[in-house]
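Let's have the full structure, built from the sequences with the hints guiding it.
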Amino acid sequence: MSDASTISQAPSRLQRATDFAFRGLCYSFAWLSVLAVFFIVLRIAFAAAPAIRQYGMGFLTTRTWDPNQEQYGILPEIWGTMYTSVLALGIGTAFGVAAAVFLSEGYLGEFVFSILKIFHVEFHPFWGKLPERMEDILKNLVELLAAIPSVVYGLWGLFVVIPLIRPVCNWLHLKMGWFALFGTDLSGPGVLPAVLVLSIMILPTITAISRGALVSVPSKLRMAAYGLGATPWETILAVILPTAARGIFGGILLAFGRALGETMALAMLVGNANSITLSLFSPANTLAALLANTFPEAEHKEVGILMYAALVLLGITLAVNMVGAFILQRASAGSEGGK
Amino acid sequence: MATSDTPGNSLLSALPGAPEINPFDGVDFNDLERSLRRPRTLINLVLCGLVAGMTLMALVPLFSVIWMLLWRGGKNLSLALFTQLPPGPLEQGGGFGNAILGTMIIVLMAALISIPLGVLSALFMAQAPDGSTLASAVRFSAKVLTGFPSILAGVFAYGAIVLATGGYSAVAGAVAVSILMLPTIMLTAEDAIRMVPAKMKEAAIGMGATKTQTAIMVLLPTAFPGILTGIMLAVARAAGETAPLLFTSLFSSYWPFSGHQLNLMQPTASLAVLIYNFSGMPFKNQVEMAWSAALVMVLMVLITNLLGQALSRNQVRS
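Chain order of the listed sequences is A and B. The first sequence lines up with residues 0 to 338 when you count with numbering that gives the first Met the number 0. The second sequence lines up with residues 0 to 317 when you count with numbering that gives the first Met the number 0.
Bear in mind the hints are in silico, worked out from the structure with no lab data behind them. The beta-carbon is built from N, C-alpha and C at its ideal position, and this holds for glycine as well. A hint or two may mislead.
Covered by chain B, per the in silico footprint, the following chain A stretches (three or more residues, Cβ under 8 Å) [stated by the list, open to error]: (1) 23 to 34; (2) 251 to 260.
Derived contacts from chain B toward chain A, CB cut-off under 7 Å, selection only [what the hints assert, rightly or not]: (3) L116; (4) F123; (5) I150; (6) L151; (7) A159.
The calculated label-pair distances, taken between Cβ atoms and stated as ranges, are [to be verified]: (8) P196/B x E296/A: 54 to 62 Å; (9) V120/A x R37/B: 27 to 35 Å; (10) E131/A x G258/B: 53 to 61 Å.
Following this line, the structure appears as structure tokens:
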């Protein structure tokens, strides 16, 4: 009798009380994290309210930034944000999806396997694991690109990319200066170095999400295509990529969101010039870089203006991210249903 | 058994009186051979090469960054860098000891804010019944924060902390950074708690444990490696963040002490902001120091990352 009561017993009053308190704590922390997001958005919106009242929508469509005359407009920054992000997205998508295909098809493993075969060690207990190991290493290397802090990319862009591409850019300007993209020469920071570094930074996002989408394509589709006599690449282009297209597109949108909000690399490389330009070599500015460069020295009045700019950036990135997350959710639901 | 030229013949000849039909008539067997002279196979090979080349090209920047860090950053690495204060313009020598300490203080404080909030919210999400509105609202806000631009966390902390307390401080920096850590911790912790085998949870409830006892004595210890992985990844990200610190903790050329007391309410140096500030200076000593600081920061970030990944290997899976 006494044994049973020591092994199991109803919770004491104290245990009930702690249970109640702990569950209450979890519940309130859950509420707190939802409210935190609301609070963040509202705090920025309220701080921007006076500037919104004073400058209205004209803020978004004018291009002067003159604290002395109290004239403010962020059209060049909006243009710069979009221009750099779209260009970086183009480069990042091409290389990111290529890397995703390379990783999901296991080409490196096959290649290492065929080399091992030459030496007749393909089933050796140590060497036989090499193809798989190499695949893992390659995957981790691509992920490592995302682990490097953006300020380090900025530093690298400043001291490696700009000196490297400057002669090429200036030659292009000299020979093809009539072409709008090469309209100016590269004197230092500019759109092109910023775009190059930005595309490297968003590549791991695109690769990781695209690879997930490619891997989750049911293998019977691939087998069916092979059975019909398609070559591996005909299968990839006509079956695998279209099936995974929605997931890849969601990944590209999330990468676009990252590119729009990326700050440090752009603040260091884009040149902070308040101008709207098509030229790849001339300096420009982006919303995030404007905030990073102007905020530390802003007067009280200017802070309100910058809050307005921050709100615009918040609106753009939130919209892009939500659409991306929504598409990804539908894509993963769709691929589960297809299995 | 009659041997024949084509495999089909033996089967057909089994039927008595059937006419001799060769199903492979008119098929040129050389045509079925894989030949690189045919455009289809050639395109296949070219595309394989193209994709391999593009993947390798995508990795060139990574090796370039690592090489530059080791070469330009490692060249000047010395003990003095870790113990001394940043040099003024045109001054020689110096170090970034205060920035390393500052980064650690800010990340530690940010972790103290975001770990309880993240883990307990995750516990709530994982325990909530399906279709709970609050749980999906929490998940939604975590997803929103995942794509939140880091500079806006700084803008928020400026508005909420710097303006309210009247000055730049390590606390404001920590609040900004904790916003960026929160989604990683929350989403990985929720996954890890959901991974705990249902029978372990049911066994605890069957023994008469309260929900709290189940959570603290069964769920959290079992999910611990997974939760720790999320925390490590978040810390690694936080240590490298610059944008949220630019106008919250600002920068300082001094140790974060006033007298002998740690002072969290004054501008505090951090490695990331030091790299940003020094990279734009026209002095050679400062630029070289920025590279060394970048090497130290990347090492800190990578080691934390690797620790986190190593921990995720011994995770219990249902």
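- Report holds or violated for the interface hint on I150/B, using the least CB-CB distance to chain A and a cut-off of 7 Å. Constraint on I150/B satisfied, holds at 4 Å.
- Task: Identify whether the interface hint at A159/B stands, where standing means a beta carbon of chain A within less than 7 Å of its own.
- Result: holds, 5 Å
- Is the hint on F123/B kept, meaning its closest Cβ partner in chain A is under 7 Å away? Check passed: Cβ of F123/B comes within 4 Å of chain A, closer than 7 Å.
- Query: Is 27 to 35 Å a correct range for the gap between the Cβ atoms of V120/A and R37/B?
  - Reply: Roughly 33 Å apart at Cβ, these two residues keep to the hinted range, so it holds.
- Message: Taking 8 Å as the Cβ threshold, is the statement that the region 251 to 260 of chain A is covered by chain B upheld or broken by the three-residue rule?
- Response: holds (count 5)
- Item | Assessment of proposed distance window 53 to 61 Å (beta carbons of E131/A, G258/B) | Between E131/A and G258/B, where Cβ atoms are some 58 Å apart, the hint holds.
- Three-residue Cβ test at 8 Å for the coverage of the region 23 to 34 of chain A by chain B: Result for this restraint: holds, n = 9.
- Query: Does 54 to 62 Å hold as the CB distance between P196/B and E296/A, or does it fail?
  - Reply: holds, 56 Å
- Message: Let's test the interface hint: is any C-beta of chain A closer than 7 Å to that of L116/B?
- Response: Hint on L116/B: holds, closest Cβ of chain A at ~6 Å, below 7 Å.
- Against chain A, is L151/B within 7 Å by beta-carbon distance? holds, 6 Å
Violated hints are absent here; each numbered hint is respected by the structure.
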